[in-house]
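Chemist: Fit chain to chain and form the complex, with the hints in mind.
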Amino acid sequence: MRIHLTVWRQAGPNVGGAFHAYTAENVSPDMSFLEMLDVVNEQLIKKGEEPIAFDSDCREGICGTCGFMISGIPHGSQPHTTVCQLHMRKFNDGDSFTLEPWRAKAFPVLKDLVVDRSAFDRIIQAGGYTSVNTGGAKDANNILIGKDIADAAMDSAECIGCGACVAACKNASAALFTSAKITHLSLLPQGQVERTTRVLNMVERMDTEGFGSCSNEGECEAVCPKGISLKNIATMNKEFWKAVLQS
Amino acid sequence: MALDSKIPSGPLADKWDSHKFASKLVNPANRRKHTVIIVGTGLAGASAASSLGELGYNVLSFCIQDSPRRAHSIAAQGGINAAKNYQNDGDSVYRLFYDTIKGGDYRAREANVYRLAQSSVNIIDQCVAQGVPFAREYGGHLDNRSFGGAQVSRTFYARGQTGQQLLLGAYQSMQRQVAKGSVKQFAQREMLDLVLINGQARGIIVRNLVTGQMERYVADAVCLATGGYGTVYYLSTNAVGSNVTAAWRAHKRGAYFANPCFTQIHPTCIPVSGEHQSKLTLMSESLRNDGRVWVPKNNGDKRNPADIPESERDYYLERKYPSFGNLVPRDVASRNAKQVCDDGRGVGESGLAVYLDFKDAIQRLGHDVVAGRYGNLFEMYEKIAGEDPYKSPMRMYPAIHYTMGGLWVDYNLMSNVQGLHVLGEANFSDHGANRLGASALMQGLADGYFVIPYTLAHYIAGTKVEKVTTDHDAFKEAEDNVQQRINKLLAVKGSKTPRALHRELGQIMWDNVGMARTDASLKDALVKIPKLREEFWHNVSVPGDQNSLSKNLEYAGRVADYLEFAELLALDALTRTESCGGHFREESQTPDGEAQRDDDNFTHVSAWEFQGVGQKPNLHKEPLVFEEVHPSQRSYK
Ligand SMILES: Cc1cc2nc3c(=O)[nH]c(=O)nc-3n(C[C@H](O)[C@H](O)[C@H](O)COP(=O)(O)OP(=O)(O)OC[C@H]3O[C@@H](n4cnc5c(N)ncnc54)[C@H](O)[C@@H]3O)c2cc1C
Ligand code: FES
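Each protein sequence line maps, in turn, to chains A and B.
Position one of the first sequence corresponds to residue 60 (this note's numbering), numbered consecutively onward.
Position one of the second sequence corresponds to residue 56 (this note's numbering), numbered consecutively onward.
Treat the hints with caution; some may be incorrect.
In silico lysine-lysine, PhoX-like type, Cα no more than 20 Å apart, as pairs [what the hints assert, rightly or not]: (1) B:LYS551 x A:LYS106; (2) B:LYS79 x B:LYS61; (3) B:LYS446 x B:LYS357; (4) A:LYS105 x B:LYS551; (5) B:LYS375 x B:LYS692; (6) B:LYS519 x B:LYS551; (7) B:LYS157 x B:LYS692; (8) B:LYS79 x B:LYS519; (9) A:LYS105 x B:LYS548; (10) B:LYS543 x A:LYS105; (11) B:LYS548 x A:LYS106; (12) B:LYS586 x B:LYS548; (13) B:LYS551 x B:LYS586; (14) B:LYS307 x B:LYS676; (15) B:LYS583 x B:LYS671.
Since the hints were derived computationally from the structure, they do not count as laboratory data.
Note that the coordinates shown come from a computational prediction; the quantities given were computed from them, not determined experimentally.
For reference, chain B alone in the conformation it holds in the complex (with noise of 0.2 Å):
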């Protein structure tokens, strides 16, 4: 099948006001005839619900966590960008645009990011009618910082709990929607099948985590919203029940899944401090606006950080970038962070560290504005690293913080599958090879409050669907596959537990598909994970009822999915042979070491298409095209 984007003809600039214009509506009266089906309640999931549920559509809403207001978009801390140019620095839509192209390293759509930036204008003033309570000036106007990569003020923040904020601003428009009964919410459900009817996607089967029966819902679409896929990697910042799940199934029932390879590592992460470990913690990326990066100048220099000279000190970013200094993009600080470390001038006992200094900024500004700006970040630092920050610098190092693939969507939002929506980070469609910091909460509200209501209604009010009900063939189909899956986990009782496979996994994909990926690295990884997947469906242990709340089930059947999903990650990155965003090949590098794109073969959204567990996918290429700005070499020099 041949992808067509559905990008509208006409000038950047006109091409989403056109398109609106263009769309089919719905009939406000009709509107609660038709049902929508929305699963996942972060920043996407919760705005397109409360925005659905408002024009009048008949909105079913699901989450895996006991409340939506519990979406791993909680944990979002830094920021959200906009192009508001309140700052008056040279800020514009165009220029956030631009930005965010470059920053994506030339491989996200020029329209879809144009409409984001547009849209970001409208999110910051509907999250402040929501009552947002975004970080102010003395003067009563709102604040702005500036965040990874950007040379102007265009954050939004609300201390370090932004994502917090907006996702409490989209769950209490979404619940004031429960309450008129627009939409129906069902929270501690997970989504295993997609139920296609006549190659439209009409309905999901979950299971009820909490009485482990399984539920059928059936609906005139679907919007999937279920974030990223970063604990393929195992550690990573995101939640620990992060998932690959929703995704991977539509993609098993046909939907394209696009740059699996495009992941995204933070630069400043608390250091993993042994085996045990669960998950990483993500310091902000703010911190870097008034942090210093550096390590020690000497291989092997153990001394205490407070005894090593400035003289025997090496800034490395300020020294190699410095125009952008400790602000580079985050690849190219994550990158630069792996490097020192290869060289033997990491810190920490682990020599898995580089430090981030705030005693200048300590002296600068003295005690209180630093604490006024990082203050719950530095508390919650010395809670898990045990270390003062006011005294000693912090120990970071990069970490999965963000995958930029997911499946493929056109300019609607819709996946090659009719019907199947997706929106938020589970869309690969707005940041290219690289998101730039403070973007992922834009592109998921803007998803899901001003996308989507006009997107949907075109698709419905332009498509013919059966009328059919749960029991269609279809959801009986779908039901008996998932509940065939789940006893032969329940069937193997081997010895291994689902974690330890898991951390297995993720140990495959950090050495091999990690920071830096090679030929060989990744021929090896496609040779391990079959292994390990074989190994999991001989010996993994799920002991327990599968009637009642089973963490260890679900988390089984998680673990599973990203066994077979790790391959196509893998494989991608093989495929891939240019260096792009996060995606760093050795073999395609710069003299001076930075990543190198091969744009006369690379220009393209990789789209694969599911053939089978362990079968070789098809791949669909779709071309990207730049009308108006001309990929270049990025510097940051």
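Just chain A, with the same shape it has in the complex (with noise of 0.2 Å):
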């Protein structure tokens, strides 16, 4: 297969960019998208010139590194797929893809398709955890969880905090994200006592980051690579209204 790219090449924070084509020849069906990256960048780099710059570590779809937009789409347009995990064979011969990084205030661009985001570990900073120190921790079992709601909760953690949601909102808002760990953790009992706490500070964290606010437009749900559901941003609602009439 032979695949037309024009991609986002910017040489570092805070400067300009542009769209440079590039031609990938011998694209096999079986390679991932980033490998066929990888195959780009290896011309470029016997040639001199330096590669593409993208992020990627686990290559399986879970660590949530990899990610940027494919012809407009965060991760492409195969559902429920990390880019790492999209496969040449879902494309025809002769496509033709645009690149690009994220795009959001609160995602700054270090360097073409990768881009920082620290935004999010501080938005887990501000609460996303149970406030319990090592040791001491009483028998598991102790804590009886239903099935059922185990299950719910691992729903929402499953959230592999690749960004794809707040690319893909036109208000770069981070409700699915921030939302995904207040439900797993309001789900739970372990969860309960910093319940209202959380989700104050989460939300409040979200703002400052400059992450915009979210108006029920479901396109982050509907490109999330592990399938995050537009119900967690209803239940951080809930708790968030709940949370500012008992304070």
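Modeler: Rendered as structure tokens:
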């Protein structure tokens, strides 16, 4: 297969960038999208040119490191798939794609397709945990949790923090990411003590980091590689208003 | 220097408790005056950072990813062991200890493994308290499964994402400390040298991977939790950023490297599809609980699997190992897969694969139960291989997965370099020559949550360190050293990419130092590796600017280190003329083809001391003493 690429190149933070055209030759249908880019980069390096910067690590869809826009869609058009798990067999010879980094004020571009997502860490720092020190925890089976509750908590906890939800949202909102953590912990008995402060602090941090507000467009859920549901946002909103009334 | 493992005296079951009691403590008011560097934020590093932060130390945490949450531990699928005996099926701390010692083919320290089994119980409590959503039964209790080579159900899991959930638990605890100010987090920093002052590990040099600038950090002690070196084989199940760089640079500063030849090959990975392949994907071992492994009885039988009748299938694991069947330990399963493929009975286009078949399980349990257990794994397989495992059997082949070897540490997790502690997969300590499934997560968290808080306190309380800043000459010397190496990489301006050279190295390692090793193959590797290293330094191409984000420059540095380290791995394999665990020397096998240990000559840890690149390292031996368990020929028949 031959694939045509138009790629955003930007030398560093706070400088301008531009699109450049590349062609990937001899693309095998068994390649992942990133393996296809590896091959393009190999060619660039051999020519003494700087390769396209993109990030990845696990290459199996779980670490959340990879991610960029493929023709306007975060991680590309395949549902429930990170770009490292997107295989070229889904495409046709001669296809063209435009590759761009996540675009969001809270995710400044570092280089080419790589952005700074440290704002997500800071949202977690605001309360995405249970305050328990190491040692002294009671026997695990002393906390009974119904299977349905545990499963629901897991559904939310599966978020990989890749940022596709922010990139897809016209407001660049981090509501899906933040609400997934809030929902995970608010479902479990272990998360009850800090339930009120958690939601207030995390929501506040989300705003101060420069993420936009949620206007229920649903784009985030549609592109989420882990299928994190919009219901999380509804839960977060409920939790938030309850907390506001309580405090 | 004689290696002192510092194993406490007294009965096995009391060693850790009496050691903790005998350890010195640091006064709570003084802890913030002590700075601890922790490199790595996987299960080992993140759990250490959060625990030490909670205690009040001033912790500096480093990782190469853009967030600590992305450390390679995130990818672990199957589960974590603990001797809870919730299933009432005869498990105990002693049994977990025994299984781990035996599973490791009697090449691990009894005292360490016993402590690991003891801590396992607390780990689950800790993680549940953090809100880790482990799988539950309908009554609300924790669910367990049995996992690779265990005859009891002691594995806790969170769907197929156990590593992710455990890591997020540790990461969140660590973020809580970041918010409190006791942990300072430095993401996108690569440790490139260790700084020694008066023989003590006192700091690190890192490259800021975004700006390209060198940075210096000073501390009272340094902990490395930088993971394993599986990617020395190029293709492995590890994340593509995994590397030996931090450990290797510490080794070059004097830390001994122990048992580098103990590498683990996982039996169930999706086979290689072509040269472009950048990593191999593991399919969790838990699949072997219900999937049946087979190949055609006849050589070269290329029929569609559905067209091969039962009578012409060889369920070779069930046939050869009736009591363990498909659940034999990883080394045994991998070697048998290689054997049937070498015999010409492998399946798929390359002939380098065996079937893992769920037809019977689907018939017995129904589609929904199978989907509940393995749904996400089946989906993952379909994405990568393009085939539906509900309809046709998976094709599987072994791949490099885990490295039991690592920097040598004593019972306190301290290397022979004063103050340098090593945690998690980066150390060599607990798995001997073969790691059992679901034991690495347990070890990483035991090291970080339950061991290092005690042993590091003991070190800090009992050690005088000179008051220094990063202006000390040792920092300057180390930074210059790092800078020179980078300049040298950029100056080569050759025509081969780091990836191409890495791929070549991987091929040498897989062919010569892979699943089966011989005297000749190892000697051949020892000729080829230095040649390739030569070529690297004359022909590598690293275009671009060192003062900005450059994945290619980072990668080139890691490949350069692998080209040095690979030689040590091959030499260790050559020196150990016995077979044990994952290290199979063809010259040393039982009449029926199982690994034959040589206890008289090799009941020891091989710890190597660096003497210079291309120079023969010095070998130090730490004898292994078995007081509880009597080494016997492992049998899974
Ligand atoms: C696909 C897969 C599935 C697995 N499944 C299981 C399982 O089910 N059960 C089980 O028990 N085990 C499993 N394992 C093994 C287990 O996941 C690992 O052994 C374990 O997670 C290692 O943890 P760690 O904390 O030691 O290191 P890692 O998680 O590898 O973390 C290494 C850390 O070091 C940092 N680092 C590395 N080099 C540098 C440097 N030079 N400078 C700065 N930072 C650096 C990285 O950024 C990272 O934060 C699996 C492994 C794989 C590959
Ligand atoms: S590289 Fe880990 S999710 Fe894609």
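Chemist: So, for every hint listed, does it hold in this structure?
Modeler: To see whether the hints hold, each was checked on the structure:
| no. | hint | verdict |
| --- | --- | --- |
| 1 | B:LYS551 x A:LYS106 | 10 Å, holds |
| 2 | B:LYS79 x B:LYS61 | 15 Å, holds |
| 3 | B:LYS446 x B:LYS357 | 18 Å, holds |
| 4 | A:LYS105 x B:LYS551 | 6 Å, holds |
| 5 | B:LYS375 x B:LYS692 | 7 Å, holds |
| 6 | B:LYS519 x B:LYS551 | 49 Å, violated |
| 7 | B:LYS157 x B:LYS692 | 15 Å, holds |
| 8 | B:LYS79 x B:LYS519 | 14 Å, holds |
| 9 | A:LYS105 x B:LYS548 | 10 Å, holds |
| 10 | B:LYS543 x A:LYS105 | 18 Å, holds |
| 11 | B:LYS548 x A:LYS106 | 10 Å, holds |
| 12 | B:LYS586 x B:LYS548 | 18 Å, holds |
| 13 | B:LYS551 x B:LYS586 | 15 Å, holds |
| 14 | B:LYS307 x B:LYS676 | 19 Å, holds |
| 15 | B:LYS583 x B:LYS671 | 16 Å, holds |
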